[in-house]
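Novice: Residue-level listing of the chains:
Protein chains: 2
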Amino acid sequence: MKIDAPREYVVDNLKYALNPSSIAVVGASRYDAKVGYKVIEGLSRCGYKGKIYPVNPRADKVHGLPAYKTLLDIPEPVDLVFVAVPAFLVKMVLEQAVAKKAKMAVIATSAFKEIGRGELQDSLTNYCRKHKLPLIGPNLVGMGSPYLNFNCGFIPYLPIPGPVAMISQSGANLLAALGTSKTQNFGMSFFIGLGNKADVDFAEFIVYGKNDPYTKCIATYIEGLDSPEAYIKACRETVPEKPVVALKVGGSKIGVKAAFAHTASENVGTDDAYYDDIFEKAGAIRVTTWQEFLDVALALGQQPPLKGDNVVMITNGGGSGLLACDHFERIGMPLRELKDISFMLSLKIRAYMPMFGSPLNPVDISGTASPVQYKGALHQAMRDSSVDGVLCSICPTAVTNVPAVVDIAIEMYETYKYLGKPFIMECQGGAECHEAIMKLRAHGIPAYPTAEQSVNAMVGLRKYGKILEKLG
Amino acid sequence: MKIDAPREYVVDNLKYALNPSSIAVVGASRYDAKVGYKVIEGLSRCGYKGKIYPVNPRADKVHGLPAYKTLLDIPEPVDLVFVAVPAFLVKMVLEQAVAKKAKMAVIATSAFKEIGRGELQDSLTNYCRKHKLPLIGPNLVGMGSPYLNFNCGFIPYLPIPGPVAMISQSGANLLAALGTSKTQNFGMSFFIGLGNKADVDFAEFIVYGKNDPYTKCIATYIEGLDSPEAYIKACRETVPEKPVVALKVGGSKIGVKAAFAHTASENVGTDDAYYDDIFEKAGAIRVTTWQEFLDVALALGQQPPLKGDNVVMITNGGGSGLLACDHFERIGMPLRELKDISFMLSLKIRAYMPMFGSPLNPVDISGTASPVQYKGALHQAMRDSSVDGVLCSICPTAVTNVPAVVDIAIEMYETYKYLGKPFIMECQGGAECHEAIMKLRAHGIPAYPTAEQSVNAMVGLRKYGKILEKLG
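Protein chains in written order, with this note's numbering: chain Y, 3 to 474; chain P, 3 to 474.
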């Protein structure tokens, strides 16, 4: 439900959503396929150190813990109330949570506004707002943080720790991101499913992300904004310090209906231009596809903004260079020729390629490129004062030593990191490239399996650079 | 160099490029980092059963095989001459190949037209055409086929066997595809690097692909077409039987120069619309990014064309459904509501979802969906006569049994395969989804990790359906 700006009492209490000392799980179940069991199992398995109080009127124990009949029977204070009971019981649980002076309510239960029960949902919101009990959800998957060993919801595993905070209305997409985190070294600081966002909204978690020391980039997956003004305010407050990425779905004709059916998100009367305008005002970086969402968020989490258009691409694959330069132009940031960026560099870089290489930009050091040639070319490009950012690509030919080139890339990155220029890698191929990507990401270098993904990432860094310029 | 149509003597001889009984490697090297060594090593390692004749005037043996001073010293006939000597020696080798009555010449050597030596390259072409010795290259990586255990070039490994023939001007991109083949279960029938295509052109390999029993889809990566008429003719001959996918690069301002520097491809005076027109005349399916190239080619290799617009999407993730329906509309094939496709189906499918599911289309059977619910929904959708194709998505929530759903999907696909409707899957997440994708692909079901990729694949199948309709 609409808010005008991020509310202070909500932002203050969000620490109880991600770092509570005690949790009551209302609707705790003895059956291991049930949400009310999975939550407790997930908390324990991932190393939650606080107290867990299962609430179940018909059980003595759940997952080995003593169960309570109601919230009010718990003898100690409770920070977070996690609710997984049928929709018609939720109101009663919230009343008990208020009586118990809980700090935060999270409602996993579905079947509210998204199936037409808008009034029921609104009554919960109004009740919670009146009593200043922030409510997250309903209809959500959960939340967590790998830094806090906190996994609260029906979530199979934590992501690896890293720079991206993900705020998502979709549970499934959030879970997909957590899976990708492990298999692709996509590091996250915290994650939260907002579901129907009856009360707590994007704006408040964005401000929380701004204050969170682990978060370097905030990624928002949006099915509909009830409170565009609050989103804009939260972003404008955050963006000078940390970039915000926005993926908005539900804009297509059928998507408008699907977004309502999914998270009760209202999209009637809005269109892509409407959201373009919001994101522009907010200074958020809009992306189009799920892959781009992950790729751009990682780059912004790991690298500084790109302060100018002079990107140099170094590759041992002419084809990868072509895919990249076409894509740079297609998405509005054409590469410039190396001789026009730095004539000296275009001469010097010749030393690191065979006769049939090309210093054009993409700089094609050719399929025969050795680690020494990569080192020389990277060294020259990174230190040149006319170069704003470097994109380096490895294609494993029969003579390419991929691990050695990866080590060189890391060495050169570390050497010139102080200059504050973005460095991105593309490793296009099979198993050895996947390993290369994993290692590079672990060293803070965003790396991708295709040319177009790495270009999207670099252009995302430029967009952030331009947003910061505009802010002065 | 330009040809007007695929030449019969060339097409006939291409079997010696991919299935020769004997190969001479001119420029065979004793040093294991050299191309002239890698070729022989690769042939042996991958199980080539024919004869290999290393040619090296200064060696007695290469890789354990007796070496010959020149081609003419080889006592037996030679089908394929693989040339990896410096550019200025190539003409002499070709003269010997003609004298030796070789069936096919492949020139790996670089530094011809792409660095300004157009005359030298043209003289080779003219010589070979005069003597009807087809020449592949120069400036290429090699070729092979997993069905024939044939790996000829500087290629680290063979792809897994499968339906896609890949004809690529870029060696690095081709190698990347081979790597992806193993890690993503992307099956290939044969592959060929064309390089500068001084003589043998796309057209001839397309016709070869049409005749090749393992090939179900022909994927062409193009940096420039010297012979658009021949490409169109070859495609028009092939497309009624097998689809052709086209990725054209080098269209950007800097790409025009980069494509020339890479494979001497001429793009001056052409633009995207020029190539749109060629591909439309050819009946080839144009794609934009490398990922789309792989994704669409695999779908066309594994599935029948989509004969109408009535696609039903079944998902347990509302978010994945939203990404998909927005993308369907974005790329010009909006989903229709299920009730408008088949009112009965929209009622029946309700039985396989909870109250908060949605039969809209995407059909959201919700995050709690069991394998039985997937089975029911798939069964209803696939057998409905109004449905032209089915897209099914799995998002691993804490209660999703991914392997069981995969088995159900395979069972339903096998059951209804006879109806000739495309079936595509999306498995969005981490390690278990990667395994799911590998298994589904091994069973002939194109599966992808994101909604947008699976939509691109489905739309590719529709494009082929429309091309076939147009051909009557």
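Treat the hints with caution; some may be incorrect.
Pairs involving identical chains hold if they fit within one copy or between any two copies, as the list cannot separate such chains.
[What the hints assert, rightly or not] Pairs of lysine-lysine, PhoX-like flavour, derived with a Cα cap of 25 Å:
{"id": "1", "residue 1": "Lys-309", "residue 2": "Lys-36"}
{"id": "2", "residue 1": "Lys-255", "residue 2": "Lys-309"}
{"id": "3", "residue 1": "Lys-350", "residue 2": "Lys-103"}
{"id": "4", "residue 1": "Lys-93", "residue 2": "Lys-309"}
{"id": "5", "residue 1": "Lys-377", "residue 2": "Lys-255"}
{"id": "6", "residue 1": "Lys-419", "residue 2": "Lys-309"}
{"id": "7", "residue 1": "Lys-132", "residue 2": "Lys-283"}
{"id": "8", "residue 1": "Lys-102", "residue 2": "Lys-283"}
{"id": "9", "residue 1": "Lys-350", "residue 2": "Lys-17"}
{"id": "10", "residue 1": "Lys-350", "residue 2": "Lys-255"}
{"id": "11", "residue 1": "Lys-184", "residue 2": "Lys-441"}
{"id": "12", "residue 1": "Lys-472", "residue 2": "Lys-309"}
{"id": "13", "residue 1": "Lys-259", "residue 2": "Lys-36"}
{"id": "14", "residue 1": "Lys-341", "residue 2": "Lys-259"}
{"id": "15", "residue 1": "Lys-283", "residue 2": "Lys-17"}
{"id": "16", "residue 1": "Lys-441", "residue 2": "Lys-51"}
{"id": "17", "residue 1": "Lys-103", "residue 2": "Lys-468"}
{"id": "18", "residue 1": "Lys-132", "residue 2": "Lys-235"}
Calculated directly from the structure, the hints in this document are not laboratory data. Small disclaimer: the values here were computed from a predicted structure and weren't measured.
Novice: Confirm or reject each hint.
Specialist: Here is what the structure says about each hint:
Proximity of Lys-309 and Lys-36 under a CA criterion of 25 Å is satisfied in neither setting, with 50 Å inside one chain copy and 42 Å between copies. When the C-alpha separation of Lys-255 and Lys-309 is checked against a cutoff of 25 Å, the pair qualifies only between copies, where the shortest distance is 23 Å, while the shortest distance within a copy is 38 Å. For the identical chains of this complex, Lys-350 and Lys-103 are neighbours neither inside a copy (69 Å) nor across copies (46 Å), given an alpha-carbon limit of 25 Å. For a Cα distance limit of 25 Å, the shortest separation of Lys-93 from Lys-309 qualifies neither inside one copy, at 51 Å, nor across copies, at 50 Å.
In the homo-oligomer, the alpha carbons of Lys-377 and Lys-255 never lie at most 25 Å apart, since the shortest distance is 51 Å inside one protomer and 28 Å across protomers. When the C-alpha separation of Lys-419 and Lys-309 is checked against a cutoff of 25 Å, the pair qualifies only within one copy, where the shortest distance is 14 Å, while the shortest distance between copies is 54 Å. Taking the shortest alpha-carbon separations for Lys-132 and Lys-283, neither the intra-copy value of 31 Å nor the inter-copy value of 67 Å comes in at or below 25 Å. Proximity of Lys-102 to Lys-283 under the C-alpha cut-off of 25 Å is found in neither arrangement, the shortest distances being 41 Å within a copy and 73 Å between copies.
With identical chains, the CA atoms of Lys-350 and Lys-17 are never at most 25 Å apart, being 53 Å at best within one copy and 45 Å at best between copies. Taking the shortest Cα distances, Lys-350 and Lys-255 sit within 25 Å of each other only across copies (24 Å), while inside one copy they are farther apart (54 Å). In this homomeric assembly, Lys-184 and Lys-441 come within 25 Å of each other (Cα to Cα) both inside a single copy, at 13 Å, and across copies, at 20 Å. Proximity of Lys-472 to Lys-309 under the C-alpha cut-off of 25 Å is restricted to the intra-copy arrangement: shortest distance 12 Å within a copy versus 50 Å between copies.
For the homomeric pair Lys-259 and Lys-36, neither the shortest alpha-carbon distance inside one copy (29 Å) nor that between copies (60 Å) is at most 25 Å. In this assembly of identical chains, Lys-341 and Lys-259 lie within 25 Å of each other by CA distance solely across copies; the values are 13 Å between and 52 Å within a copy. With identical chains, the CA atoms of Lys-283 and Lys-17 are never at most 25 Å apart, being 28 Å at best within one copy and 61 Å at best between copies. Neither within a single protomer nor between protomers do Lys-441 and Lys-51 lie at most 25 Å apart by alpha-carbon distance, with minima of 31 Å and 39 Å respectively.
Neither within a single protomer nor between protomers do Lys-103 and Lys-468 lie at most 25 Å apart by alpha-carbon distance, with minima of 45 Å and 63 Å respectively. For the homomeric pair Lys-132 and Lys-235, the shortest alpha-carbon distance inside one copy (23 Å) is at most 25 Å, but the shortest distance between copies (73 Å) is not.
The structure does not agree with the numbered hints 1, 3, 4, 5, 7, 8, 9, 13, 15, 16, 17 stated previously, though it agrees with the rest.
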